[in-house]
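**Student:** Residue numbering for the sequence shown follows numbering that gives the first Met the number 0, starting at 0 and increasing by one per position.
Treat the hints with care, since some could be wrong.
Cut-off 20 Å, straight-line C-alpha distance, at most; resulting in silico cross-link-like pairs (EDC-like, lysine to aspartate or glutamate) [to be verified]:
#: 1; residue 1: K41; residue 2: D109
#: 2; residue 1: K96; residue 2: D71
#: 3; residue 1: K96; residue 2: D109
#: 4; residue 1: K98; residue 2: D109
#: 5; residue 1: K113; residue 2: E32
#: 6; residue 1: K113; residue 2: D1
#: 7; residue 1: K96; residue 2: E67
#: 8; residue 1: K36; residue 2: D76
#: 9; residue 1: K55; residue 2: D45
#: 10; residue 1: K96; residue 2: D1
#: 11; residue 1: K98; residue 2: D76
#: 12; residue 1: K66; residue 2: D76
#: 13; residue 1: K95; residue 2: D109
#: 14; residue 1: K78; residue 2: E67
#: 15; residue 1: K35; residue 2: D45
#: 16; residue 1: K35; residue 2: E93
#: 17; residue 1: K113; residue 2: E93
Label pairs and their calculated CB-CB ranges [to be verified]:
#: 18; residue 1: H88; residue 2: M56; range: 17 to 25 Å
#: 19; residue 1: T2; residue 2: T44; range: 34 to 42 Å
#: 20; residue 1: D102; residue 2: N53; range: 33 to 41 Å
#: 21; residue 1: N69; residue 2: D1; range: 23 to 31 Å
#: 22; residue 1: D1; residue 2: E67; range: 30 to 38 Å
#: 23; residue 1: N4; residue 2: N69; range: 34 to 42 Å
Hints are computed from structural coordinates only; laboratory data are not their basis.
Keep in mind that this is a model prediction, so the values were computed, not measured.
Where a beta carbon is used, it is the ideal one built from N, C-alpha and C, also for glycine.
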Amino acid sequence: MDTFNMQSNATVSASTNISSIAVVGSNVLLNNEIVKKSIQYKFSTDLGNSNAINGKMARLVVNCFVKEGNIDTVMADTKISFTLSDGSHSHAYEAKKLKIFNDLFVATADVTLKIS
Numbered sequence: 000m001d002t003f004n005m006q007s008n009a010t011v012s013a014s015t016n017i018s019s020i021a022v023v024g025s026n027v028l029l030n031n032e033i034v035k036k037s038i039q040y041k042f043s044t045d046l047g048n049s050n051a052i053n054g055k056m057a058r059l060v061v062n063c064f065v066k067e068g069n070i071d072t073v074m075a076d077t078k079i080s081f082t083l084s085d086g087s088h089s090h091a092y093e094a095k096k097l098k099i100f101n102d103l104f105v106a107t108a109d110v111t112l113k114i115s
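Given only the sequences and the hints, what does the whole structure look like? Please build it.
**Tutor:** So, in structure tokens, the structure goes:
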């Protein structure tokens, strides 16, 4: 499990950047509560003040639908980055991919938020 070390009393944001030919639908969650839904390949959202979200889990879940091409090739070529920032520093996490069906795979990134 990854950990993002935040500064105290900082606004924390999450940015997602997806490079894929698959059709995508994404959710950003904070402690299993959806804070952002998107069908865009690049988007951002605020997660809140670091003092309020300390100890919580930030999660990105991306459903990738492959309409053309070989799913294994599309999965290998797909890059999904989940970047957390507190204004003074940021860190990018690579999403892990899992094939569900011959035309669907899911990518996830789970990061614990912690004040350092």
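**Student:** Evaluate each hint against the coordinates.
**Tutor:** The hints, checked one at a time:
1. K41 to D109: Distance ~18 Å between K41 and D109 Cα, so the pair holds.
2. K96 to D71: 11 Å, holds
3. K96 to D109: 12 Å, holds
4. K98 to D109: 18 Å, holds
5. K113 to E32: Cα-Cα ~18 Å, so holds.
6. K113 to D1: 10 Å, holds
7. K96 to E67: 18 Å, holds
8. K36 to D76: 23 Å, violated
9. K55 to D45: The hint holds at about 14 Å.
10. K96 to D1: Given that 20 Å is the threshold and the Cα spacing comes to 16 Å, the pair holds.
11. K98 to D76: Distance of about 14 Å is within 20 Å: holds.
12. K66 to D76: Distance of about 15 Å is within 20 Å: holds.
13. K95 to D109: 9 Å, holds
14. K78 to E67: 17 Å, holds
15. K35 to D45: Cα-Cα ~9 Å, so holds.
16. K35 to E93: 19 Å, holds
17. K113 to E93: 19 Å, holds
18. H88 to M56: 17 to 25 Å: 20 Å, holds
19. T2 to T44: 34 to 42 Å: 20 Å, violated
20. D102 to N53: 33 to 41 Å: 40 Å, holds
21. N69 to D1: 23 to 31 Å: Since N69 and D1 have Cβ atoms about 30 Å apart, the given range 23 to 31 Å holds.
22. D1 to E67: 30 to 38 Å: 33 Å, holds
23. N4 to N69: 34 to 42 Å: For N4 and N69 the Cβ distance comes to about 39 Å; the hint holds.
Hint check: violations occur at hints 8 and 19; the rest are consistent with the structure.
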